[in-house]
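**Q** Residue-level listing of the chains:
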Amino acid sequence: MSIRNTTIGPEPLARREAVRADPVQRHRRMVEIRAAEERIREFHSSGQAWGTTHCADGQEAVAVGIAAAARPTDQVWIAHRVHGHGLALGCTLESVFAENLGRSTGSVGGIGGSFHLTETAVGLVHSFTIIGAQIAQAVGAAYAMQVQGKDDVCIAQFGDGAVNIGVFHEALNLAKIWNVPAVFVLENNQYAEFTRVDKMTPIEPLAKRGDAYDMPWAVVDGQDVEAVRLAMVDAIELARSGGGPTLLEMETYRYLGHSRSDLAAYRPEGEFDEWQSRDPITQSRNALLEAGLVTESELDAIDAEVASSIEAAAVAALAGPEPETSAMFNNVLAT
Amino acid sequence: MLAQGGEPLKKRMRMNQAIAAALHDEMAADDTVVCYGEDVAEAGGVFKTSQGLLEEFGPMRVRDTPISEMAILGSAVGAATAGLRPVVEIMFVEFFGVCLDQMVTQAAKLHYLTNGAVTVPMVARASVGAGRGFGATHSQTCETWFTATPGLKIVHVSNGASAYGLLRSAIRDDNPVVFLEPKSIYGTRSEVVLGEAGIVPLGQAATMRTGSDVTIVSLGQLVGAATEAADSLENDGISVELIDLQTLKPWDRNTVLASVARTQRAVIVEENPFSGGWGNDLSATIAAELFGELEAPVLRVTTPDVPVPFSRSLEFQYLPSASYIASQVAQLCQTGKTPEPWWSQFT
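Chains as they are written, first to last, in this note's numbering: chain V, 1 to 335; chain U, 1 to 347.
Careful: at least some of the hints might be erroneous.
Which residues of chain U face chain V? A partial, calculated answer using Cβ under 8 angstroms [what the hints assert, rightly or not]: (1) T65; (2) S68; (3) A71; (4) S75; (5) T81; (6) A148; (7) P150; (8) D174; (9) L290; (10) L294.
Think of the hints as simulated: they come from the structure by calculation, not from any bench. C-beta: ideal position from N, C-alpha, C; glycine also.
Model the full structure from these sequences, guided by the hints.
**A** Below is the structure:
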């Protein structure tokens, strides 16, 4: 067995089942992700965390929609902008915070940093910081499902910047000719680092690239968590039933710069406001109210509960010990 | 696999057949072993190293791929994390140049970066080396692309028996292994011990012959040239201990240092340009550990700092020959000084 469960306690799985089962929990998780990333930036601005960090404020619906659709046994491969995906899939706040702080209680023991999360109990294999690398790996894992006769699906998430790197093409082509149970999630947040997507890619929508591999594709409203979830459910079911891979483009928007040091001054005026008028959390709030699933006061209570859980997790993470010196020598080789 | 009477089964075969036999035997022993790459399945490999596997194990486990090294290697990483033991072929080691990320930054680090939660038991096989007239872009060993990457193991085989035995170990290993095969000796026949008895552990050098005056440490196809050199040196009264390193990472310090401590002279014969080769690591280690006990400086016999030239005469000048190795070793033993390499007049 190549993956062992290093999770301590049942919490990640319970967190995952919550977003799979309940639309109110999905909303709550988006609120949590937004607040968590804000808190992570505070770790940096206060000097408690070092290095850099990549936030995905505004993209919460994509993360939660994927997590709600996939089973915990399905395997998920995420790009570097991972906090939201990790929390959506079931990582605890403390493990994400502590990893950002480089503490031994972090998701991978403080060895990885802000952009390296693993939670195998809920299928989060890892997050990958060389653009597109994980796409080919997910194809291989999906092939492994075929060989072993398993019906789990492998999901590779990546950004709009990844569609112009060679491994994207090689992986999608191989996925199609081998008909592997994979779903490719192209999370288009409109910017690759500092550069607008349309400056670097001549086609629109990006998902049209799927035609090059004779692969079904769709463009999904990435600001709408239920739209993301439903599109994912369809693609996952197609893959699970032997129908092969799908390319889904989630249209969303990165509220902030690429990383901590980037103030995103390159954005055209008005663009941010336009996207913020379709903020995924505000939309989800309105949709839940409209459906009568929740009251205003219950939603306010969720916000307050999330805020206090964030603070409690931050306190716990900050109290976590630095890794022992010996930790850097662990796991260089599997023994 | 035993012959009648319980003796290990020995068979004379070409090195490429020994590789195919190792793949076959591991696939038969373990359902999670799969094999794929460019022309690996239907064609049986461009060097015939996977012949018969498709027929025996079927297209689910033996597959052809497009010319897509990033997808080949990347998918192997993913398949390894998901329960398989993939053995993928990168036809020529130079092709790692288009997918090196998946080897040195992905496969090598995933176990570390997941704090041990994920392991990557995979083998990436590649043909290496000069001596076949394939020119500058298909004749290197490129070993040093991998040597400075913690998290990888590197094997470089020198004959059919070591190819069979080391490949079976590499497949069973839980780490990513770069497995290098000298293309010039794919067709060379030798006796191969098959079955469990033929398995050669990783990380252990093989002492090919014992001697008292000098230790030659080599790897890959040059073990053959070094063996010939040792024969001729023996005739001239110089007793050579010859070590085939077999595994380059991790290399077998104990065997090398114990031998050099006895012979007090070390010669490293390496198919790499002089600058930056792995022999530098061995030399530094030998010098550091045995300083004061050596009768002569450590000598490295390598290729010159040039790309591999095509012309047959030039290519075989480029590669250290048996007679060149013998003459370098003899000069070292006789003078106690490092002789000039043959190319010193040109550089």
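**Q** It remains to establish, for every hint, whether it holds in the given structure.
**A** Going through the hints against the structure:
{"no.": "1", "hint": "T65", "verdict": "holds (7 angstroms)"}
{"no.": "2", "hint": "S68", "verdict": "holds (4 angstroms)"}
{"no.": "3", "hint": "A71", "verdict": "holds (4 angstroms)"}
{"no.": "4", "hint": "S75", "verdict": "holds (3 angstroms)"}
{"no.": "5", "hint": "T81", "verdict": "holds (5 angstroms)"}
{"no.": "6", "hint": "A148", "verdict": "violated (13 angstroms)"}
{"no.": "7", "hint": "P150", "verdict": "holds (5 angstroms)"}
{"no.": "8", "hint": "D174", "verdict": "holds (4 angstroms)"}
{"no.": "9", "hint": "L290", "verdict": "violated (27 angstroms)"}
{"no.": "10", "hint": "L294", "verdict": "violated (31 angstroms)"}
In the structure shown, a violation is registered for the earlier hints numbered 6, 9, 10, in ascending order.
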